[in-house]
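Asker: So the chains spell out like this:
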Amino acid sequence: MNFHAIRAIYFYEMARTFRTLMQSVISPVISTALYFVVFGAAIGSRIEQVDGVSYGAFIVPGLMMLSLLTQSISNAAFGIYFPKFVGTIYEAMSAPVSYVELVIAYVGAAATKATALGLIILATATMFVDLEIQHPFVMLGFLVMTSITFSLVGFIIGIWADNFEKLQLVPLLIVTPLAFLGGSFYSISMLPPFWQTVTLFNPVVYLISGFRWAFYGVSDVPVIVSFGMTLVFLMAGLLIVRWIFKTGYRLKS
Amino acid sequence: MPTAAAISISGLYKTYDNGFEALKSIDLEIRKGEIFALLGPNGAGKTTLIGTVCGLVQPSGGTILADGHNVITEFRAARYKIGLVPQELTTENFESVWATVSFSRGLFGRSPNPAYIEQLLKDLSLWDKKDNKLMTLSGGMKRRVLIAKALSHEPDILFLDEPTAGVDVELRRDMWQVVRRLKEKGVTVILTTHYIDEAEEMADRVGVINKGEIVLVEEKDELMRKLGRKQLLLQLQDKLEEIPDTLKERGLELASDGYELIFTYDAQAERTGIAGLLEDLNAAGIRFKDLKTAQSSLEEIFVNLVREQQ
Ligand SMILES: Nc1ncnc2c1ncn2[C@@H]1O[C@H](COP(=O)(O)OP(=O)(O)OP(=O)(O)O)[C@@H](O)[C@H]1O
Ligand SMILES: [Mg+2]
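In order, the protein sequences belong to chains A and B. Okay, so the first sequence: first residue is -6 according to my numbering, each after it adds one. Okay, so the second sequence: first residue is 20 according to my numbering, each after it adds one.
Please note that the accuracy of each hint is not assured.
Unchecked claim - Over 12 angstroms on every C-beta distance to chain A, these chain B residues come out as not near it, computed from the model:
1) 27
2) 43
3) 47
4) 50
5) 138
6) 148
7) 252
8) 273
9) 288
10) 292
11) 295
12) 319
13) 325
To be verified - Some but not every residue of chain A turned toward chain B, in silico, with C-beta under 10 angstroms:
14) -5
15) 4
16) 9
Treat the hints as calculated values from the structure; they're not laboratory data. All residues carry an ideal CB built from backbone N, CA and C; glycine is no exception.
In isolation and in its complexed conformation, chain A is listed as follows (with noise of 0.2 angstroms):
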């Protein structure tokens, strides 16, 4: 194992997120603050009691699994697409870093910057609401697994992206609809039969369900299942990765 490697790729990264602190803290916190305004305190007043819990309350997780979603993979993407882009690619590839540690550096930096922004967003939220967290173990472990798996599709969608235009493209037009989609907001209980089977393909509800588990002890699907899933989309994630440095995919020609 090349450790100096790892430690020399992470802290570069680290680095980097203090460099943009504007953009990868404190504007997802904002925008988060202002879900909470719109939906908690002018729609919630509505609802009132989501399963059991006040609406408020019921949709912190989803939030915290939408900017986790979204941030960690436009982080983990910009970080592997900019040298890319860029041409200082070139170190890394010359190096004598195998695959695995490029992708512990990589995705560990973004993964770290990922779980910090949901525990900042979650600090933020206790300012709106009153929030108990059953299973806080649960929760820092779905977060972590979370972060880390998204961290990784970022990985592979910077890798794939050749352009900028393609690199914003998967975000927004595939994870962002499946989180707001993913039971973010609602219960999936709340939708009609048929949508409910449909909300059953869609990933995210996994993620989103297991979570909301963690804090409030109820979940749209089996906590197990929610668990299982994480990691097959983990696992999924790693297989990619490791078919594109064995092939060398838009990294050598």
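Once you have looked at the hints, place chain B with the ligands on chain A.
Answerer: Frame of chain A; chain B with the ligands shown alone:
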């Protein structure tokens, strides 16, 4: 397993995805501690060749050993030994010189060594710029930073892909100085260039690549010897039927239907024999109306080689 060759390439070929054959069966040995200049016109395959050694381009076939390590199956051991300065100036914008060079050292698996990096930056006249952001540096400075990055992990083999392209005369001489110092330390240097004088100035051996094939590899001195051969052309006043016996030993040639005498000599020798020849000519009563000297340059050899292939 240490071997005599720093880089050993055999049967290497590369076909790009679009079907273009950029390298066609390359065999090449780079000796330890030498400075090897790779010459070739635009698109000859120099950068591709370097890319296959350094892990940027996937070879379509053949094997490459760096210090005896296969660059694919033993990529760690191989790449640890190699530093690369790419042709394009690609640098981070917001990093400082110090940070980016330290980063490179880490990337290549070396533990931090501030004293070494300090010396490196001083050697490359970058020390007073160590806290500057890269985007504030001039092109020549950036080139040096790339060299510092490539040397940050103390490699035994350094690839310089056109280190002096777009660099002013003074900086070029500095660059040569840097390369010479590296050689003194035992580093093997492989550089590509379009400047023939650069190869003349620096290289121990010269290789010429054209259209993906190595067309010549030779000791620079050997080339210089060919190059060092000068010809004295004497335009005669009267036609000469044959070379007189008294001049036979001098190895003269008759040309232009007997109106020209060609004397080939070694320009670098102590005694060229020109003075003696002229005396002998005088004694033999051979008069000439004009004289000139001609020398084939490395550039000519190079151009001829490349043209022959087409
Ligand atoms: N990724 C690629 N896909 C297809 N063809 C390529 C690719 N990269 C390079 N080539 C082609 O391969 C040939 C060799 O390119 P290379 O960059 O190795 O040349 P070079 O000798 O370094 O030239 P220069 O002196 O201009 O730097 C060129 O014809 C180039 O167009
Ligand atoms: Mg080139």
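Asker: Would you mind marking each hint as holding or not holding in the structure?
Answerer: Right, here's what the structure says about each hint:
1. 27: holds, 18 angstroms
2. 43: holds, 17 angstroms
3. 47: holds, 19 angstroms
4. 50: holds, 22 angstroms
5. 138: holds, 20 angstroms
6. 148: Residue 148 (chain B) clear of chain A: closest Cβ-Cβ about 19 angstroms, beyond 12 angstroms.
7. 252: holds, 50 angstroms
8. 273: holds, 56 angstroms
9. 288: holds, 46 angstroms
10. 292: Non-interface label on residue 292 (chain B) holds, nearest chain A Cβ at 53 angstroms vs cutoff 12 angstroms.
11. 295: holds, 58 angstroms
12. 319: Residue 319 (chain B) is indeed farther than 12 angstroms from all Cβ atoms of chain A, at 34 angstroms.
13. 325: holds, 25 angstroms
14. -5: holds, 4 angstroms
15. 4: Constraint on residue 4 (chain A) satisfied, holds at 9 angstroms.
16. 9: With a closest approach of 8 angstroms, the residue 9 (chain A) hint holds.
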